[in-house]
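K.L.:
Each chain is listed here by its residues.
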Amino acid sequence: MAEFSTSVVNKGDVSIIYLKGYLDAHTAPALEDNFMKLIDENKFKIIANFSELEYISSAGLGVFMAYIEKIRDNKGDIKLTNMSEKVFNIFDLLGFPLLYEIFKTEEEALEKFNESKSVGNE
Amino acid sequence: MSDTKNLKLKRNLTALVDFSRIINSSIDLQFILNNVLLTCLGKFLATRGLIALNENGVIRVKHSKGISDKLIEKFPLLDAGDNCLNSDSLKKFRNSAKLKAAEKISSSDDCVGIVCLGEKLNKTEYTQDDLEFLKTILNISATAIQNSVRINELQKVNRELDSRIQRLNSLFELSKEFGLFSESTKVSKLLVFSLIGQFLIQKFAVVVFEDGKIDILESKFDKDELIKVVEESGSREITETINVEELDEKYEGFKRLGINLIVPMQVQGKTKGLILLGERINKQPYSETDIEFIYSVGSLAIISIENKRLFQEELEKRKLEEELDLAREIQQNLLPQTLPAYSSYDIAALNMSSKQVGGDYYDVIPLDENKFCVAIADVSGKGFPASLLMANIQAFLQIICRQKVNLPDATALINDLICANTSDGRFITFFWALMDNAARKITYVNAGHNPPLLIRDGKITKLKKGGMIFGVMETSVPYISETISLKKDDVLILFTDGVSEAMNVTGEEFSDERLEKLVIDLSSKNADEIVEGIKNEVQQFSKGTDQSDDITLVVLKVK
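Chains as they are written, first to last, in this note's numbering: chain A, 1 to 122; chain B, 1 to 559.
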């Protein structure tokens, strides 16, 4: 079975989670651990980079739903980037674009975070 | 003059070719409709207009400009047919919306829709030429519109198909996953992940009913309040999905919490839990197929949870059985492993325990070269409590035999100790005797035990002297003992009620009479043979039944 792995890189106060492989009911708890850890460390600005993600199921999408409220309550967000068409289709099918900002590239998402920061500082 | 006319014609043609190229280059219906309408409005200098399309035989407005939404809502229900332009309702609508011109969009075989246009800015009427030109524009548009509609429909069907495949995948995935986990909390977590991911939900809970207890596995609601609501609404009785419209007074509490949907989780038609879901973030209602999906996922989850519970129960039962085996072994070790040898007595004993640990006990304890003690006891009830008391009395006996106390006093002492150790109405019947080897005599005390049988010359004497059974109350009346001189070939039989009360298949007891007759018949044999004889007879008698009680026998034959 294709596995799933993540790695986290911090750029400024934004944490980028790189997702790789198959995100389904079996592997969803691994992503959940990532979110719980970031929240524990008070890191609420999160980018999920999907460039190496091959598949996502509703259980995987559920992990994003489960933590978004808490993250936004803390003035953070999860922004999604670099989705393959196949992965985007599933997000789209279930109506996620309504709720999440989805960007073509990580840089665009980073920029968006930094923009809102400078607005906040004014 | 004819040059200008030609030029005008040429311009019109070029415009038409351009228009055709643009609308045929796109499959975006809105883009096409927008273009068609703008072209018409521009061409005739009109400020308002609409395009309505044939949707399964009914004509519906798809695009409009310059007309208020309120007015658009009044667009009549129009059957798509050859005569649709002439319907009175359309004429009425056109009047109220000030739409002067109307033309059909026709393909070779079908009515694709209609276009209505408002009055020209220059207030002139639409001429025949205008209408001809409008027709030309619409003829050019028809194919593009039709193609785009079909592609849209195809895309919609495709999307529905995708959505179904996606749901099937989820179900398949969960059924695979639920088989592996051992904890219900993990199952419920995956259940929740899948549902909130599938339907964009932020408020949810999963509750399970277990032996009259409400177990909240997942909750985004206040737990105490949720338990209260679940309890008060009698929601255990919910066997059908309850939608937001059906959350009436009875389920007011759920509504107040923000729950929009209640789906029962059932095993073989019995509700074992509930999935409680809040509103979807995209504000869409839960459709039939949504609910079907939720019900299926819920069923998978509850079956998995239920299986795990049954497995756990089985595991505990097995563990208990193992402990029981161990207890039985310990208990067996409390009985004498070997019997002492005395010149005047031939001794044999038997203990057959039933399936459970029980409360039968016997012992033969040597005191010195000449004297030994023989005892038999039966603790009321079975199982661990009885076996504990049995172990208790064994310990007392082993110790008290080493003290030089006379038999009645020692008996009183044991009763007092047992009384201190029992509180639940348990009692012990007990018989013990001090055997003198050289003098060939027995001194015994019987504390309520089945009287042992002394057989001499084919006659039976029952050894009844003694006092109260153990464990009822502290000794107030002293126990009395009796001493009997023994003769060669006297046989002494100590037994528990497992022997006399052994039952046959018809529920008849072996009985004291049958035992007495049997032991008289066997009395000429040696101790081992007598034990064997009684055992065989009892087993023969109760053949085909489960041994329900311990069977204990001690036989002494005077040599």
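Just to be clear, a hint being listed does not mean it is correct.
[To be verified] Capping the alpha-carbon separation at 25 angstroms, the derived lysine to aspartate or glutamate pairs in DMTMM-like fashion look like this:
| # | chain 1 | residue 1 | chain 2 | residue 2 |
| --- | --- | --- | --- | --- |
| 1 | B | Lys-255 | B | Glu-245 |
| 2 | B | Lys-176 | A | Glu-69 |
| 3 | B | Lys-156 | A | Glu-69 |
| 4 | B | Lys-223 | A | Glu-54 |
| 5 | B | Lys-220 | A | Glu-32 |
Hints were generated in silico from the structure; no laboratory data involved.
K.L.:
A separate judgement is required for each hint: does it hold in the structure or not?
P.N.:
Do the hints match the structure? See the list:
1. Lys-255/B to Glu-245/B: Measuring from Cα to Cα gives roughly 10 angstroms; hence the hint holds.
2. Lys-176/B to Glu-69/A: Violated, at roughly 29 angstroms.
3. Lys-156/B to Glu-69/A: 31 angstroms, violated
4. Lys-223/B to Glu-54/A: Status violated; Cα separation ~38 angstroms.
5. Lys-220/B to Glu-32/A: 17 angstroms, holds
The structure fails hints 2, 3, 4 (numbered hints given earlier, in ascending order).
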